[in-house]
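**Student:** Residue numbers for the sequence shown, in our numbering: 429 to 576.
Don't read these hints as lab results, they were simulated from the structure.
Do not rely on the hints blindly, as some may be mistaken.
[Unchecked claim] Estimated spans, in silico, between C-beta atoms of each pair: (1) Y545 <-> V499: 22 to 32 Å; (2) V499 <-> C527: 16 to 26 Å; (3) W569 <-> S542: 34 to 44 Å; (4) S487 <-> R507: 29 to 39 Å; (5) E504 <-> T531: 13 to 23 Å.
C-beta atoms are modelled at their ideal positions from N, C-alpha and C, and glycine is treated no differently.
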Amino acid sequence: MQQKLNPSEMMLESLRGFSVTSLEHYAEDSWRLNFEAAGFNVQCPWRIVDNDGVVLSGSDHEQKFGLPQPVDITVETLRLLKGKTVESVRIDEKTADLCITFTGDIRVDVFNDSSGYEGWTFADQRGTWLVAQGRGQMAIWKPTTAKT
Numbered sequence: 429m430q431q432k433l434n435p436s437e438m439m440l441e442s443l444r445g446f447s448v449t450s451l452e453h454y455a456e457d458s459w460r461l462n463f464e465a466a467g468f469n470v471q472c473p474w475r476i477v478d479n480d481g482v483v484l485s486g487s488d489h490e491q492k493f494g495l496p497q498p499v500d501i502t503v504e505t506l507r508l509l510k511g512k513t514v515e516s517v518r519i520d521e522k523t524a525d526l527c528i529t530f531t532g533d534i535r536v537d538v539f540n541d542s543s544g545y546e547g548w549t550f551a552d553q554r555g556t557w558l559v560a561q562g563r564g565q566m567a568i569w570k571p572t573t574a575k576t
């Protein structure tokens, strides 16, 4: 009997104890969050939340909000997550919404908001792939161990 794969556990196995190394804005509404041995692309709404509430979101990029300079999400994300390591990962079974919790009570929420398009994809250096598909479905590729 084949055991059901748990995408939250698979992602946590790749990220636990690691920090964000960079954030790239590679196309309109498209972001890549990199860790030491993994990364994920986000093409849907996302935000960073701490104990006081929402502190930053992808839609804040280049907004002025009455500040002297527009918000640079790439810089602010790294500032907020600097020195923080991944503690937990939760992927909602119905929606494929993603929540990555870091030390210091801060988290990244990703909202898979389409019934047809992929909202986010994750890959690690071991060959694991997770794709949050439309309607909240998950596609999972896990490398197999070669038998000798």
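**Student:** Under the constraints set out in the numbered hints, which ones does this structure not fulfil?
**Tutor:** Numbers 3 and 4 - these are the hints that the structure violates, sorted from lowest upward.
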